[in-house]
Amino acid sequence: MKFQPDSLRPPYYALWLINLFASSEETESLLGDMHEEFSELVLTTGVAPARLWFWRQTIATLPHLFIKSFQGAPWLTAVAVIAGFLLMRTVSRVPETAIFALLPRYRVFENHFSTYVFFSTYGIALGHVVGSLFVGFGVAVVAKRREMIATTALALVFCTLIAISWFASISWRWPVHDAITWLLWQCADPVAIVVAGVMVRNRRSRGQILRCT
Amino acid sequence: MFYNVEVMPDRDYLGEFEHLIVLALLRLDDLAYGVTVRQEIELRTKREVSIGAVYATLDRLERKGYVSSYRGDPTPQRGGRSKRFFRVTQKGIAAVNRAQHALRRMTAGLDFIRSYS
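Just so you know, the sequences run in chain order A and B.
Under my numbering, the residues of the first sequence are numbered 3 to 215, in order.
Under my numbering, the residues of the second sequence are numbered 2 to 118, in order.
Hints listed in this document are in silico derivations from the structure and should not be mistaken for laboratory results.
For glycine and all other residues, C-beta sits at the position ideal for the given N, C-alpha and C.
Take every hint as true, because none was put in to throw you off.
DSSO-like mimics (lysine-lysine), calculated; alpha carbons at most 27 Å apart, straight line: (1) A:K70 - A:K146; (2) B:K92 - B:K65; (3) A:K70 - B:K65; (4) B:K92 - A:K70.
Have a look at the derived ranges for each label pair, beta carbon to beta carbon: (5) B:G110 - A:L54: 42 to 50 Å; (6) A:W77 - B:Y14: 24 to 32 Å; (7) B:R28 - A:W184: 55 to 63 Å; (8) A:V143 - B:S69: 29 to 37 Å; (9) B:R28 - A:V131: 51 to 59 Å; (10) B:F18 - A:L78: 21 to 29 Å; (11) A:E42 - B:L27: 22 to 30 Å; (12) B:D74 - A:Y124: 53 to 61 Å; (13) B:D13 - A:T47: 36 to 44 Å; (14) A:A80 - B:R88: 32 to 40 Å; (15) B:A95 - A:A80: 32 to 40 Å; (16) B:A109 - A:W77: 39 to 47 Å.
Working from the sequences, and respecting the hints, build out all of it.
Here it is, written out as structure tokens:
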């Protein structure tokens with residue numbers, strides 16, 4: 003068996019991205035075509051322009067895969083996204099409620115002030131991220147084979163809301179440092195939702211490969 | 002007063018990019034698959050086209066019944082993946098003929114070189 007040097011292969015992460023959003027039937031012809039043109043470009047223009055071309059094609063192709071995936075089951079995807087949004091609204095209150103119920107019970111404020119500060123700031127934020135991860139898993143499972151479109155769409159909804167709140171906070175003259183810290187913590191939630199989608203997708207793909215072999 | 006009314010089929014028309022794709026398939030005949038279709042359109046229209054846009058349009062045309070597809074053999078040059086060849090159906094040929102006629106009727110009598118360049 004012959005091994006190709008890494009530089010002569012298409013960019014690994016571009017392939018990974020297409021595999022995430024495309025169905026198995028699509029990847030066969032789509033990646034085959036991209037691989038063929040990439041091989042031709044490596045010979046005619048060199049490795050770097052060929053890799054750049056592959057990345058450009060990947061970025062231009064992803065929105066089409068996204069739309070096609072949505073059109074394949076629009077109602078199921080919409081239901082998964084709406085259910086995820088409502089679940090997220092409920093889940094997001096849980097860490098704060100739980101932490102502020104537990105901290106006074108163990109008199110943390112009086113005895114361990116630094117622990118109190120940690121749980122009431124980072125503890126709540128981490129709780130949000132874990133909650134988002136679980137919501138992402140739920141949405142990905144409900145959306146079946148459209149886990150990436152459903153979780154990405156839900157993450158985009160939250161990103162839009164975060165962006166609106168961030169610009170509003172800037173206009174209320176929040177200190178920029180606080181606004182940026184707030185933005186980073188808020189962005190962790192949509193990222194966690196997409197990460198959950200990727201994990202479910204990878205697990206399902208692995209399952210498919212195992213069934214095929 | 003009487004009018005000659007031509008009944009138009011409901012939503013049975015080609016969009017601009019669909020039109021280009023069907024024309025590319027007709028030009029390429031038996032050699033029409035993703036790579037050749039994309040390159041043919043880029044070469045003749047001088048506009049950059051993504052392979053994703055080509056496949057999205059080809060899938061839409063296949064759903065409308067304008068094109069059909071079949072799989073070729075896998076090749077090492079394609080990382081062991083097979084080609085998906087496309088062919089224009091009779092319904093597709095009728096649609097492209099209608100689009101061409103409409104375009105010819107709309108452009109008849111217009112002097113593009115003198116008036117609009």
